[in-house]
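Asker: One-letter residues, chain by chain:
2 protein chains.
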Amino acid sequence: MVQTKLPNITHSIGVDIGGTKMSAVLFDLEKNEIIADYQLATPKDNLDNFLVMLWALIDPLIEKAKKEKFNVGRVGIGVAGVVDQPPPKNLEGKILDSPNLKIINNVSLGKIVFEKYGLPVVMDNDANCFLLAETKLGAVKNYASAVGVTLGTGIGGAFTVNHEIFHGVHGSAGEIGAMIVDVVEDVPHTLEEMYHNLTQANPELVAAEAYEGDELAGKVYEEVGRFIGLTLASMINIVDPEIIVIGGSVMKSSGLFMTEIKKNLKAEILSPKLKKIKIVAGKVERAGAVGAALLSPSM
Amino acid sequence: MVQTKLPNITHSIGVDIGGTKMSAVLFDLEKNEIIADYQLATPKDNLDNFLVMLWALIDPLIEKAKKEKFNVGRVGIGVAGVVDQPPPKNLEGKILDSPNLKIINNVSLGKIVFEKYGLPVVMDNDANCFLLAETKLGAVKNYASAVGVTLGTGIGGAFTVNHEIFHGVHGSAGEIGAMIVDVVEDVPHTLEEMYHNLTQANPELVAAEAYEGDELAGKVYEEVGRFIGLTLASMINIVDPEIIVIGGSVMKSSGLFMTEIKKNLKAEILSPKLKKIKIVAGKVERAGAVGAALLSPSM
Chain A
432 MVQTKLPNIT HSIGVDIGGT KMSAVLFDLE KNEIIADYQL ATPKDNLDNF LVMLWALIDP
492 LIEKAKKEKF NVGRVGIGVA GVVDQPPPKN LEGKILDSPN LKIINNVSLG KIVFEKYGLP
552 VVMDNDANCF LLAETKLGAV KNYASAVGVT LGTGIGGAFT VNHEIFHGVH GSAGEIGAMI
612 VDVVEDVPHT LEEMYHNLTQ ANPELVAAEA YEGDELAGKV YEEVGRFIGL TLASMINIVD
672 PEIIVIGGSV MKSSGLFMTE IKKNLKAEIL SPKLKKIKIV AGKVERAGAV GAALLSPSM
Chain B
432 MVQTKLPNIT HSIGVDIGGT KMSAVLFDLE KNEIIADYQL ATPKDNLDNF LVMLWALIDP
492 LIEKAKKEKF NVGRVGIGVA GVVDQPPPKN LEGKILDSPN LKIINNVSLG KIVFEKYGLP
552 VVMDNDANCF LLAETKLGAV KNYASAVGVT LGTGIGGAFT VNHEIFHGVH GSAGEIGAMI
612 VDVVEDVPHT LEEMYHNLTQ ANPELVAAEA YEGDELAGKV YEEVGRFIGL TLASMINIVD
672 PEIIVIGGSV MKSSGLFMTE IKKNLKAEIL SPKLKKIKIV AGKVERAGAV GAALLSPSM
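If you read the sequences in order, they're chains A and B.
Numbered according to my numbering, the first sequence spans residues 432 to 730.
Numbered according to my numbering, the second sequence spans residues 432 to 730.
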């Protein structure tokens with residue numbers, strides 16, 4: 432009898448597809464570190480252009496891995512939207528709803544990437560990837576139960592139970608952006624809508640204006656902080672976790688809104704013990720892409 | 432060596448302490464049926480009167496069990512509020528926050544009941560008890576993951592993961608009533624507050640008026656249904672369950688608000704697959720007390 436030894440997977444590719452930027456990393460799974468990373472603007476006009484840029488993002492990392500003779504075992508992809516099923520069920524890797532990148536709606540992206548590179552593809556929501564990275568390597572490493580929020584073009588949410596991402600039955604658990612936080616003239620508004628409207632769909636620009644002393648932009652971010660705090664309280668009252676971690680590109684401007692988040696969060700938490708919950712900033716660089724690289728088919 | 436055989440526990444007492452009524456059952460754990468049950472108005476003036484009525488509720492059931500030589504193994508108590516810790520950690524059985532029955536706030540009710548009857552006491556939130564009964568015996572028996580909502584004096588919420596009640600880290604998970612659903616003139620309002628204000632803290636009376644043709648009362652319940660639907664959507668977008676079950680004393684008037692709940696719920700669910708979620712009425716009679724009777728120290 433011949434014993435075949437499976438080659439040991441040492442590296443993976445992680446891709447983070449956001450509404451404005453997309454980034455990819457070549458990741459060392461043994462040392463838990465980024466070997467190389469690229470970042471590009473997300474093409475939003477059509478799927479062909481999107482795929483051209485996606486290959487431009489991944490190709491150099493695959494080339495580098497070949498040259499170094501790394502054994503790349505898989506490609507992990509995080510998407511700002513609802514992925515058909517949580518891993519390992521998302522064989523097609525279909526994106527059901529991506530509010531900030533409509534060109535990939537109903538696209539079986541996992542299958543397309545598999546056919547391109549011949550590597551197993553694992554996909555998940557981008558906020559789940561962010562929280563996975565922070566849980567395995569970052570700010571909430573020693574916590575069994577954390578809530579994660581990402582502030583970028585849109586707002587993403589996720590939570591862990593017993594150190595694992597909670598996916599729910601259809602893979603869409605943790606969607607804090609979809610929570611209703613206000614009803615204005617009989618029309619309900621989600622946190623995502625409030626965030627989008629307040630920041631005029633350009634949160635980084637408005638943050639820069641606020642830092643330059645624009646009072647209106649400053650007020651916008653106080654409002655953003657208030658609505659995030661209120662909605663986060665609603666989520667915390669449901670999930671009852673140990674800690675909250677916030678990340679995403681807008682967190683570099685956290686000075687504009689963190690006080691408001693904390694104030695409104697604590698005011699609206701029901702359980703006296705839960706009111707003392709810690710709230711921390713994410714620590715992992717390129718957490719979305721790193722979390723995607725950490726996605727495993729056995730999850 | 433003498434082998435001692437532990438007596439087989441065949442029955443338990445289940446107590447449901449609501450903001451308006453409290454009820455207790457003597458429950459057959461083998462046949463899963465109620466042997467006897469009592470119901471009383473909840474005294475709200477002071478703790479001594481409350482305890483007098485609580486003993487009046489439980490004493491006859493203990494007497495009956497003694498007479499029939501049932502082996503009653505424990506007392507389970509469901510409370511409309513936050514209990515210190517989920518079972519089995521709530522040894523003191525302290526109530527941290529009971530918004531509709533403030534006289535039991537910070538009272539170690541579990542300890543008091545244990546000292547009175549000498550039986551192990553297990554406590555939990557009343558909505559958790561409701562959902563436990565519906566999960567073990569009722570409308571969501573074959574579902575691993577359900578969200579439960581109770582409509583009574585207040586609004587309670589709970590959810591199951593892998594057929595078990597999800598308690599969270601501090602025992603306060605699932606609190607749908609504490610979720611923010613509207614901000615009116617800069618003041619955030621929880622679902623519980625909207626429900627309380629709309630029904631003037633007397634939901635059963637307003638429901639009766641609506642059935643008698645009072646148009647204003649009818650409108651109130653349309654609004655109640657709308658806000659429940661919106662908030663439930665927020666919770667569903669976080670938990671991503673298979674099914675929703677609604678119970679509580681106000682569900683006998685479900686004709687007044689169920690259409691509005693469903694309409695607003697479906698409109699606000701993010702994931703396309705989750706939008707098809709089923710919503711059913713509870714089936715178990717005295718579900719709160721039965722669920723309390725089913726509470727087990729090993730949970």
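A couple of the hints might just be wrong.
Unchecked claim - Derived PhoX-like pairs: lysine-lysine, alpha-carbon spacing no greater than 25 Å straight-line:
id, chain 1, residue 1, chain 2, residue 2
1, B, LYS714, B, LYS452
2, B, LYS462, A, LYS525
3, B, LYS475, B, LYS500
4, A, LYS567, A, LYS452
5, A, LYS697, A, LYS683
6, B, LYS533, A, LYS697
7, A, LYS706, B, LYS697
8, A, LYS533, B, LYS697
9, A, LYS533, B, LYS707
10, A, LYS707, B, LYS533
11, A, LYS533, B, LYS542
12, B, LYS706, A, LYS533
13, B, LYS707, A, LYS706
14, A, LYS704, B, LYS709
15, A, LYS542, B, LYS704
16, B, LYS462, B, LYS714
17, B, LYS462, B, LYS542
18, A, LYS452, A, LYS547
19, B, LYS694, B, LYS683
20, B, LYS650, A, LYS704
21, B, LYS683, B, LYS452
22, B, LYS525, A, LYS525
23, A, LYS525, B, LYS707
24, B, LYS650, A, LYS707
25, A, LYS707, A, LYS572
26, A, LYS709, B, LYS525
27, A, LYS542, A, LYS683
28, B, LYS709, A, LYS525
29, B, LYS706, B, LYS694
30, B, LYS525, A, LYS704
31, B, LYS525, A, LYS697
32, A, LYS709, A, LYS683
33, B, LYS704, B, LYS650
34, B, LYS706, A, LYS525
As the list claims (entries may be wrong) - So the derived label-pair ranges between C-beta atoms look like this:
id, chain 1, residue 1, chain 2, residue 2, range
35, A, LYS709, B, LYS694, 33 to 41 Å
36, A, LYS462, B, LYS572, 20 to 28 Å
37, A, LYS452, B, GLU646, 52 to 60 Å
38, B, LYS697, A, GLU646, 53 to 61 Å
39, A, VAL615, B, LYS572, 34 to 42 Å
Since the hints were derived computationally from the structure, they do not count as laboratory data.
Don't be surprised by glycine CBs; every beta carbon is placed ideally from N, CA and C.
Asker: Go through the numbered hints given earlier and state which of them the structure violates, listing their numbers in rising order.
Answerer: 2, 3, 7, 11, 13, 14, 17, 20, 22, 24, 27, 33, 36 and 38
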